[in-house]
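Participant: Chain by chain, the residues run as shown.
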Amino acid sequence: MNLTTTSNRRTFLRNGTKALTLPFLSSLLPSSVQAATEKELAKNSVRRLLWMSMGHGHMEKHFYPTEGGSLKDLALPAGWDPMKKNLGHVTMVSNFTNAENKQPHEGSEAVLTCANVVGFSGKARHNSISCDQVAAQHLGKGTRHESLQLNCENSDSGNGHGGVAMSYREDGSPLPGFASPLEVFFKIFGGDVSREEMLHTLKQRRSIFDILEFEGNSTKRMLSKDDREKLEDYTTSIRDIELGLSREEEWIDIPYPKTTQTKPPEGMQGEPEIKTMFKMILAAWQTDSTRVVTYRMPDAGLLQSMGMSSSPHTLSHYGSNVSLHELNLKRTKKWMQLYSGFIDQLRAIKDPLDPNGGTLFDNSLVYNGGGLRTAHRNTNVPCLLTGGGFKGLQHGEHRLAEKENTPLANLWTTMLQDAGVKIDRFADANATASSIWG
Amino acid sequence: MFCGSLAAKPDSPAAPGGYEDQVRPILENKCFGCHGEQKQKGKIRLDTLSSDMIKDRSAETWHDVRGVINLGEMPPDDEEDLTAEERKIVLDWLNATIEHAHKVHQSKGGQVVLRRLTRDQYQNTMRDLLGLDINHIQDIPQDPMSRDGLRNNGSSLQMTGEQMEHYISAARDALDKVIITGPQPKMFHHTFKESSKVRMERGEIAGNRLGPKVRFIGRIKDDYPDEGPFEIRVKVKADLPEKKGPIPRLRVVVGYRPDTLLQEKTLAELDITKQGMHEYVFRGRLENFPLPVRGQGKYPGLLVNVMNVANEYAEVKMEKRKDEKGKDRNFRIEDPDLPYLVVESVEFKGPIYESWPPKHHQDILIDSKEKYPDNEAKQVAHILKDFLPKAWRKEVAPEEVEKLTSFFTRIRPDFPSFEEALRETLVLVLVSQDFLYLMEPESQEKRKLNSHELAARLSYFLWNTLPDDWLRDLANQNKLTEPDALRQKVARMVKDPRADEFIRTFATQWLDVDAIDRIEIEPNIYGKPHPDLKENFRNETIHFFGEILRRNLSAENFIESDFQLVNQELADHYKIEGVYGGDFRKVKKSAERGGVLTHGSVLLGHSTGYDSSIIKRAVFVRKNLLNDPPPPPPPNVPPLDESDPKFSKLPIREQLGIHRGDPACADCHRNIDPWGQMFEAYGATGLIREEIPRKHGKKVVARHPVDSTGKLPDGRELKNLDELKKYLLTERRQQFAQALTSKLLAYAMGRSLEFSDEPLVEEITKKSLKNGLRLQSLVESIVTSKAFLTK
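Quick note, the sequences are listed as chains H and C, same order.
Note that my numbering numbers the first sequence so that position 276 is 276, with each residue one more than the last.
Note that my numbering numbers the second sequence so that position 179 is 1179, with each residue one more than the last.
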């Protein structure tokens, strides 16, 4: 590859090309990471967090068990068929509601923030920090990426989710994320670029921001208060990129981990894309590239790859339309099949940072659900939990919170606390969720 | 209440029925027992909750109160319920007061909020500024829609780190192409006389004589460019019938065929009305077309295809005959009534540069090299002095040029060539605030816009792009301030083809044309829809708006017109005879059409895909035409219970009647449903129907006669859509005029309207009503209004 022109260099740094080949082994973790984690290892295994959302939820009759109890003993709805072998490794919890979510259409925009996105005063955007970002602030210091956001393509926005992201900053703006497995691959394994190349590019990329920052300050004085607020978006956006660059600089001397995985192809869609994204999440954890991940899953893309022409929104208005019911069941089963496959892999892969030889499953806390239950109902949202990181939780049951509409933030508080984040309450939480299994 | 909440004064109670004498007594009787001084169930206390939602910011709690009353959750089952009359009083007050509070809280004191360029504006601005017609917005996300249905609202247009990264890479990608290095690339030139015989799929064949499902294929295996401008010349002979009849339509597509499926995009389409042999020339840029990966795929190479799409989807008749070897084979039978084109030759040339360096390069570097040989910094300063005012749409101070020049000097050592460092400097120009935002710095109080700010507002309003040389010259000479002069400029800008952008954007957003993309037509009832039906519906409404604007016709035509705009395919759909060709043209309306309420875009977009939707069509009239949107449905509303086959069989009116019987729904729906009933004669695809099918699952289980009558909330009984149109044009004339004025004004300024705008809206409306609601005149009034001319 010709690296002589800047545009090529840029393209290369953005895209890279070469598949690297070496096996995954904990001994191949970057040595500095090893050093940094040794202390932790002595004490405890690390905890890893993942939140995933599929959007519009499921039909009552296909997905929601009508009573609590052992999943193996319950007469589970048909959507659970593909989950049979993993029933002992998941927990379903019910009666959780994101009380602040007032949006019947974009239920998952606020699922991790528990903010009232509709809001009332003059702002168009009304979100606040999401729980994964709270986790990232605590758990992300020693990893190459504080957190990773796996998003969907623009074309998949809406559809019961809201935008393309699940993760939001303190100011309520969505975090940039990666919509293709290839981008995530490069974030984890890097491209085959020399240190000099990288430094040079970083310098070039950075120079633009120095002057923009300077310019920003000089024009600010001349603007009205509202306009200044508006321009803060702009300044924040630049600062974000700069922060990213600084982190890249700090990590420049630490080699990327190596892998036998081949580079995912470009333009993946639907089911193969989701499967590959799952692989990327596992790879990010295996290499300790990050410990906090959110995945806003592409529902519309999945339907397309299953050969369905209906949009997720159309599917959610199933009414009495029998053919739509069938499609809904197909989709629910597909999600459960994918999810079950992901659990298989979590359980199969050794956690390189676990002193006791445990698996990724043992050390993770995984939420799978969303802000909408079925159709446009946003109470009692779907909550599936997996992973051994939940303190005192024995998987394999459908557990109901005592009260209807228990704040979803209770569940987030528990996940954060169990992962070692020192936090009292998240958002509108009024207790922790662990009481329902503790 | 008249004209939505705009009619309410900020200092007066917004609602019908005061809180103290009407609402509070009801709450006292039915609610305070549990939510008052003694008890505060659910931590809600209503007796001390301020009814002044503006001063005391109590709207959020009242919003929740409205939710539980709407749902019938409160009062709870074991307490005495509100009577229907009480519910109405409480909810009417809540609806109006909450909406009012929302507007007041949103107020920006009547000032235009700093606007980022919209996605479309960014695309057009990059294209026009750099002279590079490629897709600049591939990765840039769609802009959010504000509450008034517009996508150019400054308050809603955000900026994020991710988006910023996209602007940076879009600017780099564009400048890599605009400012060139190296020698002129080799031009490829191919002429095809005979179509390549590539085997096609889906019943298509290759050939020179073009009818349905035939295409002329020019295939360039290897010798084609990967980027740059190209030209395609098509020489075809048309055999046009003597009498008026179908005419051929030429389509040129560019793409490739990796496997069985074609990847292609249309370069141009053209009705052929000239008899005999003629040459037609088309230009494009390769970056805008799907290009083959070299050396890959089953059928490698770039394809230049020519088709005649006059009857693209006509069925081809076949007959079995013996071929020359005596074998039975299927032969096509040519339909003598269809028009044909015979290709003489197809020529491809590219990349075409009339000069080297190309014009877009030279337009930026101008005479810098000749003027300051051997001094790169001076060259850059010279370039910036010319480029910055265009890019930033303002007069640029010497310090700004200096600052950027010093940036260039600083980064120059990092780049191997002058051009590359210049590109990077210009990237900075294209991601700075002055480029990405419409900057209008403030002064102490409201001030008049300076002439460059005004030129920018004008061109982004009417062209959706930056001011051109003509507008910039006028701004430089200060010739934009005089109202009469300004009106003339508007008239000229509206005639300009660039106003198509305004027409498309505004018509689409005002009349919610994109609604059709959310609906699938049910083939079990309507048959398989024509593949271009939605596109034709979309274009009908856009062209219709353009016709009214450019001919300065009355906006009354939106409600009722004696003309309509169709092309052949749409005329076929509407069962209008004698329209030939793919271009839209004005024809006398057919009996059941006239105005946008009979447009396919409105009727399909506000349907369920298998039936009309009384509710959606009603909301369209109230929200889009009268600016009086009903309150949004509360969350957790159960849909109509369609799982019961007996229920499915009922006429939709009776279903809605049951819906209205549910107190959770009744209060809103009695003010909504009647507005949609007059459309019942029109099915989902916009055609007149004799009966209304009801289905359960996939099966049609009942058919009911059409009933288009309805009784509006004000007691007026109407028989059909014609009567509704008449009613709107007389009784609701002022409200419609005011609604249109408000929407145009909000779009022109890129902000939501506020109470302080009310007098202005009334003034413009009054004036417009006086001169017969002429649309272009209305635009002129807006442009010459004080709100548009001040910051």
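Note that these hints are calculated values from the structure, not bench results.
Hints may be right or wrong, so weigh each one.
[Stated by the list, open to error] Derived pair list, reagent style BS3-like, types lysine-lysine, alpha-carbon separation capped at 27 Å:
no., chain 1, residue 1, chain 2, residue 2
1, H, Lys333, C, Lys1055
2, H, Lys203, C, Lys1055
3, H, Lys263, C, Lys1699
4, C, Lys1394, H, Lys225
5, H, Lys203, C, Lys1403
6, H, Lys330, C, Lys1786
7, C, Lys1043, H, Lys403
8, C, Lys1055, H, Lys225
9, H, Lys225, C, Lys1699
10, H, Lys403, C, Lys1039
11, H, Lys225, C, Lys1043
Participant: Could you run down the list of hints and mark each one as holding or not?
Facilitator: Going down the list of hints, with the structure as the test:
With a C-alpha separation of about 52 Å, the suggested pairing of lysine 333 of chain H with lysine 1055 of chain C is violated against the 27 Å cut-off. Restraint check for lysine 203 of chain H and lysine 1055 of chain C: not satisfied, since their Cα atoms lie roughly 52 Å apart, outside the 27 Å limit. Taken as a hint, the lysine 263 of chain H and lysine 1699 of chain C pair is broken in the structure, with Cα atoms around 48 Å apart against an allowance of 27 Å. Taking the CA atoms of lysine 1394 of chain C and lysine 225 of chain H, the gap is near 22 Å; set against the 27 Å cutoff, the hint holds.
Taking the CA atoms of lysine 203 of chain H and lysine 1403 of chain C, the gap is near 19 Å; set against the 27 Å cutoff, the hint holds. Proximity of lysine 330 of chain H to lysine 1786 of chain C is assessed by CA-CA distance (about 58 Å); at most 27 Å being required, the pair is judged violated. Only pairs whose Cα atoms come within 27 Å are accepted, and lysine 1043 of chain C paired with lysine 403 of chain H is accepted, the gap being roughly 16 Å. Among the hinted pairs, lysine 1055 of chain C with lysine 225 of chain H is consistent with the structure: their alpha-carbon atoms are about 21 Å apart, no more than 27 Å.
Proposed proximity of lysine 225 of chain H and lysine 1699 of chain C is contradicted: the alpha carbons are some 60 Å apart, above 27 Å. Distance restraint check for lysine 403 of chain H and lysine 1039 of chain C: the Cα-Cα separation of roughly 21 Å lies within the 27 Å cut-off, and the hinted pair is therefore satisfied. Distance hint between lysine 225 of chain H and lysine 1043 of chain C is unfulfilled; the C-alpha atoms sit about 37 Å from each other, more than 27 Å.
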